[in-house]
Amino acid sequence: MSDVSSELETWISNYCSLYGHDYFVEVSQEFIEDDFNLTGLSSIVPFYREALDMILDFEPETSIAVSDMALVQHSAELLFGLIHQRFILTKMGLQMMASKFEQKVFGVCPRYLCDGMHLLPVGTQDVPGLETVRLFCPCCADIYLPNSSRYLNIDGAFFGTTFPGMFMDKYPEVVNQAKLRGKQQFQLKLFGFKVNESSQVGPRMKWLRQVPKNEQERRDYEECAYAIKND
Amino acid sequence: MEDDQYTSDSGSELSEYWIDTFLGIKGHEYFCDIDIEYITDKFNLTGLNEQVERISQVIDYIIDETDVSQLTDELREIYDSNARVLYGLVHARFILTPRGLQRMMEKYKKADFGYCARVHCQLQHLLPVGLSDICGVCSVKLYCPRCEDLYNPKSSRHAMIDGAFFGTSFPAMFFQQYPHLQPSHPTERYVPKMFGFKIHEYAKLARWQEQQRRSLQKRLADRGLETINTANGYVYPEDDDDEGDEEMEEQS
Ligand SMILES: [Zn+2]
Ligand SMILES: [Zn+2]
Numbered sequence: 001m002s003d004v005s006s007e008l009e010t011w012i013s014n015y016c017s018l019y020g021h022d023y024f025v026e027v028s029q030e031f032i033e034d035d036f037n038l039t040g041l042s043s044i045v046p047f048y049r050e051a052l053d054m055i056l057d058f059e060p061e062t063s064i065a066v067s068d069m070a071l072v073q074h075s076a077e078l079l080f081g082l083i084h085q086r087f088i089l090t091k092m093g094l095q096m097m098a099s100k101f102e103q104k105v106f107g108v109c110p111r112y113l114c115d116g117m118h119l120l121p122v123g124t125q126d127v128p129g130l131e132t133v134r135l136f137c138p139c140c141a142d143i144y145l146p147n148s149s150r151y152l153n154i155d156g157a158f159f160g161t162t163f164p165g166m167f168m169d170k171y172p173e174v175v176n177q178a179k180l181r182g183k184q185q186f187q188l189k190l191f192g193f194k195v196n197e198s199s200q201v202g203p204r205m206k207w208l209r210q211v212p213k214n215e216q217e218r219r220d221y222e223e224c225a226y227a228i229k230n231d
Numbered sequence: 001m002e003d004d005q006y007t008s009d010s011g012s013e014l015s016e017y018w019i020d021t022f023l024g025i026k027g028h029e030y031f032c033d034i035d036i037e038y039i040t041d042k043f044n045l046t047g048l049n050e051q052v053e054r055i056s057q058v059i060d061y062i063i064d065e066t067d068v069s070q071l072t073d074e075l076r077e078i079y080d081s082n083a084r085v086l087y088g089l090v091h092a093r094f095i096l097t098p099r100g101l102q103r104m105m106e107k108y109k110k111a112d113f114g115y116c117a118r119v120h121c122q123l124q125h126l127l128p129v130g131l132s133d134i135c136g137v138c139s140v141k142l143y144c145p146r147c148e149d150l151y152n153p154k155s156s157r158h159a160m161i162d163g164a165f166f167g168t169s170f171p172a173m174f175f176q177q178y179p180h181l182q183p184s185h186p187t188e189r190y191v192p193k194m195f196g197f198k199i200h201e202y203a204k205l206a207r208w209q210e211q212q213r214r215s216l217q218k219r220l221a222d223r224g225l226e227t228i229n230t231a232n233g234y235v236y237p238e239d240d241d242d243e244g245d246e247e248m249e250e251q252s
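As they're listed, the protein sequences go chains B and X.
So in this note's numbering, the last one in the first sequence is 231, and the numbering has no gaps at all.
So in this note's numbering, the last one in the second sequence is 252, and the numbering has no gaps at all.
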C-alpha cells in the first residue's frame, strides 16, 4: 500500500505547508524511493527506517513507542531536509525551485543597488545542525539573513552549499539578468563631496563591490585567474 | 493651550503634543525629537519657505500654538501634511547639529534603524540616509558602516519615508562627530561554491577585489594610517583555513 490517496494530505505536503517552510519544495515520492538517492543518510539519521516510513506515509513495520514518537518526528524532518538538499540539485528539483525563485518566494536582495534581484536559499554548511538558512543574491554574489524570524530555525544544510551555483549553471539567464543590473557603487558624501580615502573616516570597503572597469584593471583581473598577483 | 482631540494617521487616541503624535506614528521610528528652540529659530529655517507654504503658521501648528478647534477638517489636514514635510526638512538639518547627532547616536546604539542583513556584517546597526536633499525624489535608505553599502528598509512603512528628511550628509557627519564609533571591516567574504569547490569565476573576481583592498591598505600605510585593530580598520578571519583560493582543491 505505497499509494496514498491524492485527497489525503501527505506528510511531505503537510510539512512543506507549515509556517516558515515555504522555502521547501515537495520532494517527489519516486526520488525518495530510489535507494541510490539516500546513500549515506542511514548512518546520519537516528531512527532512519521509521523516519523514512513516516515521510512516505507508510505504516511503521513495528509500532513506535510513544516515548520515541517525538524523536522519530524529529528524525523525519532531518531526513527530509537532507533528501531535500540532494533533490534540489536534480532537474526536477531545480525546476521547482526556479518557479519559487520567479515568484519571489525567497525574497529580494536588501541591497539598494541590486534593484530587487530575487534571492536563492543557501547553506553555508552541508552538515546539519550548524547554521540556519541564508539567502544568496546572484547580483552582488553575497549572502544575507532572511528578513523574517520565521526562517530563523530552518537548517541551511537542507538547501546546501552547492544549490545557488548549480542553479546559476542551469539557468544562465539568471546570471545575465544579474549582470544587467549594473555595477554601480555607493559612496558616502558630506555636503556633496566624497570623503577622501586618506581621511581617518574614509571609505574602506569599495573593493567588496568593485568590478574591473579600465584596461589596467581588466589586465590585473585576468592575472588573478589562479592567484593574487602581488605588486 | 487647548487639549483638543483629533485623530492622526495611526488612528491615535488623545493627542498631547503634535510632535509626540508625529513621532508615535508607526513607521516614524527613524525620526528623533527636535528641540522646540531649534524649530522656532528662524535662522534654522532659511530657504525652507520655498518648499513649505505659510511656514510661520505651520511652525505654530507644530509647536501646538494653533487653536485647532477653529480649523475646518480640510484646513487641518493641509496644516498637518505641511507640518510633516516641514518637520522632516528641519529634521534633516537638526540631525547635523551636535544635539541632533547626539539624539541619533542614542537611536543608533539602540538599533532603531535596524541591522545590516549581510551575513558578514554580523548584525551591524544601520543609519538612515537620503539619496537627495530635495523632498519627493527618493525614499529613505539605510547605510551600513561595516560594508559601507546601502540597503532598503525592511518594512514598507519605512520605505515610504522621504529620504530628504534625513539628507545625504548625515552618515558622513555622524562619523566625523563620532569617529570612534566606526566599526571595523571584516575582510572575510562569501564566494559561491559547488560540491566544495569555489566557483572559478567568482573566486577570480574575489581575488582581484582582495588585491584592490591590499593596495588600498598599502596606500594608507604609506600615509601613516593604521588599518589593523582600529576603528575603521580591517579584521581578518580567525582561522585562515578557508582563506585558500584553491577552487580546485579537494573537498576535505
Ligand atoms: Zn544583491
Ligand atoms: Zn553591512
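If you are wondering where the hints come from, they were derived from the structure by calculation, not from laboratory data.
All residues carry an ideal CB built from backbone N, CA and C; glycine is no exception.
A few of these clues could be false.
As a list, the in silico DSS-like pairs of lysine-lysine whose alpha-carbon atoms are at most 27 angstroms apart [what the hints assert, rightly or not]:
hint, chain 1, residue 1, chain 2, residue 2
1, X, K204, B, K183
2, B, K189, X, K107
3, B, K183, X, K107
4, X, K107, B, K170
5, B, K189, X, K154
6, B, K179, X, K218
7, X, K154, B, K206
8, X, K218, B, K100
9, X, K42, B, K194
10, B, K229, X, K107
11, B, K189, B, K170
Distance windows between CB atoms, simulated [what the hints assert, rightly or not]:
hint, chain 1, residue 1, chain 2, residue 2, range
12, X, A111, B, N37, 53 to 59 angstroms
13, B, E173, X, L23, 19 to 25 angstroms
14, B, G116, X, L123, 49 to 55 angstroms
15, X, L123, B, F193, 18 to 24 angstroms
**Message:** Could you work out which of the previously given hints the structure breaks and list their numbers from low to high?
**Reply:** 3, 4, 6, 8, 9, 10, 11, 12, 13, 14, 15
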